[in-house]
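Chemist: With chain G held as given, fit chain Z onto it using these hints.
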Amino acid sequence: MNKIYSHPRSLRDISTHYCPGCGHGLAHRLVAEVVDELDIRERVIGIAPVGCAVVAYDYWDFDCCEAAHGRALAVATAIKKVRPDNIIFTYQGDGDLAAIGTNETIHAANRGENLTVIFVNNAVYGMTGGQMAPTTLIGQKTATTLDGRRPDLHGYPLKISEMLAQLPAVKSVQRVSLHSPQEIFKTKAAIKAAFQNQINGAGFSLVEILSSCPTYWGLNPKAALDWIKDVMAKEFPLGKIK
Amino acid sequence: MPKKILISGNEAIAEAAVQAGCRFYAGYPITPQNEIPAYMAQRMPQVAGVFIQAESELAAVNMVFGASAAGARAMTSSSSPGMSLKQEGISYIAGAELPAVIVNIMRGGPGLGNIAPAQSDYFQATRSGGHGDYRCIVLAPYSVPEAYTLTALAFDLADKYRLPAIILGDGILGQMMEPLEVKRIKIKNYPKPWALTGCKNRKAQVVKSFYLKEGTLEKFNLGLQQKYRRIHEKEQRCETLFLDDARIILVAYGTMARIAKSLVIDLRRQGQKIGLIRPVSLWPFPDKIFQSLSRSRKNLRFLVIEMSYGQMLEDVRLTLDGKFPVAFLGRGGGGVPTEKEIINKIKKLK
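Sequence order for the protein chains is G and Z. In the numbering used here, each residue's number is its place in the first sequence (first place is 1) plus 753. In the numbering used here, each residue's number is its place in the second sequence (first place is 1) plus 12.
It is possible that some hints are incorrect.
[As the list claims (entries may be wrong)] Below, a list of computed lysine-lysine pairs in the BS3-like style, where the Cα atoms sit at most 30 Å apart: (1) Z:198 <-> Z:15; (2) G:982 <-> G:939; (3) Z:220 <-> Z:239; (4) Z:357 <-> Z:310; (5) Z:220 <-> G:945; (6) G:941 <-> G:993; (7) Z:215 <-> G:756; (8) Z:273 <-> G:756; (9) Z:239 <-> Z:204; (10) Z:215 <-> G:945; (11) Z:215 <-> G:941; (12) Z:362 <-> Z:352; (13) G:975 <-> G:939; (14) Z:300 <-> Z:335; (15) G:912 <-> G:939; (16) Z:273 <-> Z:246; (17) Z:195 <-> Z:212; (18) Z:310 <-> Z:273; (19) Z:300 <-> Z:212; (20) Z:204 <-> Z:273; (21) Z:246 <-> Z:231; (22) Z:212 <-> G:924; (23) Z:231 <-> Z:273; (24) Z:220 <-> G:941; (25) Z:212 <-> G:941; (26) Z:212 <-> G:945; (27) Z:200 <-> Z:15.
[Stated by the list, open to error] Listed next, the stretches of chain G that the computed footprint assigns to chain Z, with coverage defined by at least 3 CB atoms under 8 Å from CB atoms of chain Z: (28) 804 to 815; (29) 819 to 825; (30) 828 to 839; (31) 850 to 860; (32) 981 to 987.
[Said to hold, decoys possible] Have a look at the derived ranges for each label pair, beta carbon to beta carbon: (33) Z:203 <-> G:767: 26 to 32 Å; (34) G:891 <-> Z:205: 46 to 52 Å; (35) G:808 <-> Z:194: 43 to 49 Å; (36) G:759 <-> Z:203: 33 to 39 Å; (37) G:863 <-> Z:229: 35 to 41 Å; (38) G:905 <-> Z:50: 44 to 50 Å.
Worth flagging that the hints you see were computed from the coordinates, not collected in a lab. Don't be surprised by glycine CBs; every beta carbon is placed ideally from N, CA and C.
For reference, chain G alone in the conformation it holds in the complex (with noise of 0.2 Å):
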């Protein structure tokens, strides 16, 4: 009989701290699923955001870094020129990535770091409490934006990765989704393109995977993924952006 599916080897087998429906605790085993399957586990160095996944190390068993919130991408950007036969990725979520720390993020893309970065964009800040997000949509309520985020006093949802896809340097950015297991497949297929590039010394990578916060976003679960599917993927199309 052959064995067709186990708990990933770079996964502890323990249970997280994330809310019930949260994305996170789905997009840190595809990461495992997908560093176990490339056969990279040994070579891998995560860095961890400072937002929900702060301790994503707590759960991923292999080598990873602390970054301040924001500087995911200039600590990955030196480990990775120190290491330069390790695979450096970073974990960021929407306000790591594309509000305190996106200096970084551009100038590490503009510089064509060969790394790979997984984005998770779930439009607000959840470790926080559920303030406004760079992302967070037009109308939607968080504790910062309690009738709604408006255009005109808040500016537009945040499209990074779109921006990011307009640099030279940059070699791949996708845009994936976990709000079904069709999705989810294609998110797994992201992240293992992503990681693919870096080993085949392709260059800057990013996945943008949207990820459901119940919490915040003040829906039961499976109403949260249906949000996703129906109203944020309206405002950040998923599919290959580069």
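Modeler: Just chain Z now, with coordinates in the frame of chain G:
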């Protein structure tokens, strides 16, 4: 005989770093330290090292965090306004117990200030400049040759104690050229089992400064404090002149000490009972020499001279604890106390 070259303080710091095994440099342009990144841009590729002109001071210091986490000897440099920006990263480096060397070639402040030499970042360097209860080793060279040796020492101490070590110079030291004998530096290699290399043949490990579980951060901090006490005990450095019979002791560091030292030598020739304490390590502050004077002497007077409005002054006063009167002469914003001003101040002490 090793040849002597004419070199600026900034370049001497950069060359010392290379000789001390620094293989990663990231920096951002700011005057008056621009010779350091320019020198590193040339030298790092020659020694198979990494040079990155970062997009910001924040990125530069966080790159140093990453390079150090990966096991490299790493350095960044800046000047006062840029050092303010780096404080976040320095706090994280201290919190993750990573070694790193950070150079501050100070200029006038506050704010954008000017590009003239100053010593107004003493507080920032010797206290926790960023958030949290941490310390950096702070070394203050007063000449180009000493900038060379202290930079090498900074790399050694940073590795030995796993903390950020700061070279605190000023615009005069950075720009001034002096003859330097480029000596080969013996590098002591400290094992770095904590470095991130990929988990081949060992358990996965993490570099972090985050201790969320109740009590764990306090426990970690107590460990840091223990390390700081050890450094305070073992790593005090200073130069002293004519303390045996001095009635007045000048206290100055860096460029200010250069001026004070030559004045003390002149005044000695004229028969004045004057001496000098030149702190070389600003943290740990060399309090032992002051304490020994407190125990053994009577009727001493101290004059602290700084290119600031009185920062090291506080350490001298804290250390002497009211035992002797401590006077102060300082100028800021690019002003440098002159010999004449110091002499006038000394006359008023008598």
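Chemist: If a hint holds in the structure, say so; if it does not, say that too.
Modeler: Okay, the hints, checked on the actual structure:
1. Z:198 <-> Z:15: 18 Å, holds
2. G:982 <-> G:939: 14 Å, holds
3. Z:220 <-> Z:239: Since the Cα atoms of residue 220 of chain Z and residue 239 of chain Z sit roughly 18 Å apart, the hinted pair holds (cutoff 30 Å).
4. Z:357 <-> Z:310: At roughly 21 Å apart (the allowed maximum being 30 Å), residue 310 of chain Z and residue 357 of chain Z satisfy the hint.
5. Z:220 <-> G:945: 27 Å, holds
6. G:941 <-> G:993: Distance ~14 Å between residue 941 of chain G and residue 993 of chain G Cα, so the pair holds.
7. Z:215 <-> G:756: 26 Å, holds
8. Z:273 <-> G:756: 78 Å, violated
9. Z:239 <-> Z:204: Distance of about 17 Å is within 30 Å: holds.
10. Z:215 <-> G:945: Roughly 24 Å between the alpha carbons, so the hint for residue 215 of chain Z and residue 945 of chain G holds.
11. Z:215 <-> G:941: 26 Å, holds
12. Z:362 <-> Z:352: 16 Å, holds
13. G:975 <-> G:939: Judged against 30 Å, a Cα distance of about 19 Å means the pair holds.
14. Z:300 <-> Z:335: Holds: residue 300 of chain Z and residue 335 of chain Z sit about 14 Å apart, inside 30 Å.
15. G:912 <-> G:939: With a Cα-Cα distance of about 20 Å, the restraint between residue 912 of chain G and residue 939 of chain G holds, given a limit of 30 Å.
16. Z:273 <-> Z:246: Holds - the C-alpha atoms of residue 246 of chain Z and residue 273 of chain Z are around 25 Å apart, at most 30 Å.
17. Z:195 <-> Z:212: Not satisfied, since the Cα-Cα distance of roughly 38 Å exceeds 30 Å.
18. Z:310 <-> Z:273: Distance of about 23 Å is within 30 Å: holds.
19. Z:300 <-> Z:212: Answer violated: residue 300 of chain Z to residue 212 of chain Z is near 47 Å, above 30 Å.
20. Z:204 <-> Z:273: The given pair, whose Cα atoms are some 40 Å apart, is violated under the 30 Å limit.
21. Z:246 <-> Z:231: 23 Å, holds
22. Z:212 <-> G:924: Holds. Residue 212 of chain Z to residue 924 of chain G sits at ~29 Å (cutoff 30 Å).
23. Z:231 <-> Z:273: 44 Å, violated
24. Z:220 <-> G:941: Satisfied, since the Cα-Cα distance of roughly 28 Å is no more than 30 Å.
25. Z:212 <-> G:941: 25 Å, holds
26. Z:212 <-> G:945: Given pair residue 212 of chain Z, residue 945 of chain G holds - Cα atoms ~21 Å apart, limit 30 Å.
27. Z:200 <-> Z:15: Judged against 30 Å, a Cα distance of about 24 Å means the pair holds.
28. 804 to 815: n = 6 at 8 Å, threshold three: holds.
29. 819 to 825: Satisfied; 4 residues make the cut.
30. 828 to 839: Coverage by chain Z holds for the segment 828 to 839 of chain G (9 residues, Cβ < 8 Å).
31. 850 to 860: holds (count 4)
32. 981 to 987: Per the Cβ count (0), the hint is violated.
33. Z:203 <-> G:767: 26 to 32 Å: Between residue 203 of chain Z and residue 767 of chain G, where Cβ atoms are some 30 Å apart, the hint holds.
34. G:891 <-> Z:205: 46 to 52 Å: For residue 205 of chain Z against residue 891 of chain G, whose Cβ atoms are near 51 Å apart, the range 46 to 52 Å holds.
35. G:808 <-> Z:194: 43 to 49 Å: 47 Å, holds
36. G:759 <-> Z:203: 33 to 39 Å: 36 Å, holds
37. G:863 <-> Z:229: 35 to 41 Å: 37 Å, holds
38. G:905 <-> Z:50: 44 to 50 Å: 46 Å, holds
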